[in-house]
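Please build the complex by placing chain B on the supplied structure of chain A, with the hints as guidance.
Chains as they are written, first to last, in my numbering: chain A, 1 to 109; chain B, 1001 to 1115.
Each hint should be verified, as a subset may be incorrect.
[Stated by the list, open to error] Part of the chain A face toward chain B, derived, beta carbon under 10 Å: (1) Val4; (2) Tyr31; (3) Asn32; (4) Gln34; (5) Phe36; (6) Gly41; (7) Leu44; (8) Thr45; (9) Leu49; (10) Arg61; (11) Leu89; (12) Ala91; (13) Lys96; (14) Leu97; (15) Ser98; (16) Phe99.
[What the hints assert, rightly or not] A few chain B residues that face chain A, going by a derived Cβ cut-off under 8 Å, partial list only: (17) Gln1041; (18) Gln1056; (19) Tyr1105.
[As the list claims (entries may be wrong)] Every beta carbon over 10 Å from chain B, so not counted as near; a handful from chain A, in silico: (20) Ser28; (21) Ala86; (22) Arg108.
Worth flagging that the hints you see were computed from the coordinates, not collected in a lab. For glycine and all other residues, C-beta sits at the position ideal for the given N, C-alpha and C.
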Amino acid sequence: KQEVTQIPAALSVPEGENLVLNCSFTDSAIYNLQWFRQDPGKGLTSLLLIQSSQREQTSGRLNASLDKSSGRSTLYIAASQPGDSATYLCAVSDYKLSFGAGTTVTVRA
Amino acid sequence: DAGVTQSPTHLIKTRGQQVTLRCSPKSGHDTVSWYQQALGQGPQFIFQYYEEEERQRGNFPDRFSGHQFPNYSSELNVNALLLGDSALYLCASSPRVQGSSYEQYFGPGTRLTVT
Chain A
1 KQEVTQIPAA LSVPEGENLV LNCSFTDSAI YNLQWFRQDP GKGLTSLLLI QSSQREQTSG
61 RLNASLDKSS GRSTLYIAAS QPGDSATYLC AVSDYKLSFG AGTTVTVRA
Chain B
1001 DAGVTQSPTH LIKTRGQQVT LRCSPKSGHD TVSWYQQALG QGPQFIFQYY EEEERQRGNF
1061 PDRFSGHQFP NYSSELNVNA LLLGDSALYL CASSPRVQGS SYEQYFGPGT RLTVT
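If we strip away everything but chain B, and leave its shape as in the complex, we get:
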């Protein structure tokens, strides 16, 4: 059983460009969350998707957007990249039960460097 997978592993972009990161959840999971982890800090919640809609969002600007596909995989898009967007982007998946939360499983992350 494959766990959470993310692509690409590493990415280098220039300020002002746009980037798309991809995530496939663990088998049996329908909820995908994205987190940004700056160097030396804990991950920060960006947003969560289930049933192909953004359900919850953290304190991130509209430059950060996402999508979830019918097979539960997800994309994170970042427009107009800033130097401060350089970070490890983590995808997590879990099954969803109304009013509760389950153990979240994380992928290996995508390291984004903005120059």
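Here chain A stands alone, though its shape is the one from the complex:
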């Protein structure tokens, strides 16, 4: 059974600091890994998708890496802004998505 862990559970940083969010998974037989953003009480917004054959993916201030052999992914958010405050979830995919519990980020102005 796939287990996905996200550390830390919560993070508070001053505006402008870079964010580093970690995700680990136990079964490397995955098709892809997705990072999502979730605002309180809302649905999930897809941020980045990394195919299992890829090592990283970038979109604007966001960069995600994937090391399938070690079962790890890291999401980097450069120059954080108060609008980045949200919960960030990683999910690994076979036929379904298996999610971590998320990292709740607060960016202080």
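Then chain B, alone, in the frame of chain A:
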């Protein structure tokens, strides 16, 4: 292009009642998956539909059932509601390719409260 839509937005039910939640997938997508997200936790996979049949199922009791229509929209039904069924129910859609999976797009969710 409308993304994934879900209805209703919020719902309050009493223990023992039945509920139906609805989802319309993103244009061009034929696969719909349902997830349950309890407060403070990550979403848990309930089941997946394509070609109008349930193809995969997570660890949920038979009280949870679903349906997919020819236009790819889907319903999630929950019978004999329990307090523990209170959660955000999320629908996700994707195109389906045999032996692979694509980026999944999520709807805004339906918040179900059971009293």
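How the hints compare with the structure:
The beta carbon of Val4/A is positioned within 10 Å of a beta carbon in chain B (closest approach about 7 Å), and the interface hint is therefore held. Nearest Cβ of chain B to the Cβ of Tyr31/A: about 4 Å, under the 10 Å cut. The hint holds. Hint status for Asn32/A relative to chain B: holds, with the closest Cβ pair at about 6 Å, below 10 Å. Hint status for Gln34/A: holds, given a least beta-carbon distance of 7 Å to chain B, under 10 Å.
Hint status for Phe36/A relative to chain B: holds, with the closest Cβ pair at about 8 Å, below 10 Å. Hint status for Gly41/A relative to chain B: holds, with the closest Cβ pair at about 7 Å, below 10 Å. Given the 10 Å rule on beta carbons, the hint for Leu44/A holds: about 4 Å separates it from the nearest Cβ of chain B. Among the interface hints, the one on Thr45/A holds; its C-beta lies about 8 Å from the nearest C-beta in chain B, closer than the 10 Å criterion.
With its C-beta approaching chain B no nearer than about 5 Å, Leu49/A sits inside the 10 Å limit, and its interface hint holds. Of the supplied interface hints, the one on Arg61/A is violated, with its beta-carbon coming no nearer than about 20 Å to a beta-carbon of chain B, more than 10 Å. Because the beta carbon of Leu89/A sits about 6 Å from the nearest beta carbon in chain B, less than 10 Å, this interface hint is met. Of the supplied interface hints, the one on Ala91/A holds, with its beta-carbon coming within about 8 Å of a beta-carbon of chain B, less than 10 Å.
The beta carbon of Lys96/A comes within 4 Å of a beta carbon in chain B, closer than 10 Å, and the hint placing it at the interface holds. Using the Cβ-Cβ criterion of 10 Å, the hint placing Leu97/A at the interface with chain B is satisfied: the shortest such distance is roughly 6 Å. Given hint, Ser98/A at the interface with chain B, holds; its Cβ is 7 Å from that chain's nearest Cβ, closer than 10 Å. Evaluation of the Phe99/A hint against chain B yields a held restraint, the C-beta minimum of about 3 Å falling below 10 Å.
Annotation: Gln1041/B was flagged as interfacial toward chain A, and the flag holds, the nearest CB pair being 6 Å apart, inside 8 Å. Here the hint on Gln1056/B is kept, as its CB sits about 5 Å from the closest CB of chain A, short of 8 Å. Given the 8 Å rule on beta carbons, the hint for Tyr1105/B holds: about 6 Å separates it from the nearest Cβ of chain A. The beta carbon of Ser28/A sits about 15 Å from the closest Cβ of chain B, which is more than 10 Å, so the claim that it is off the interface holds.
The claim that Ala86/A lies off the interface holds: its Cβ sits roughly 14 Å from the closest Cβ of chain B, which is beyond the 10 Å cut-off. Listed as outside the interface, Arg108/A is consistent with that label: its C-beta sits roughly 22 Å from the nearest C-beta of chain B, beyond the 10 Å cut-off.
The structure fails hint 10 only (numbered hints given earlier).
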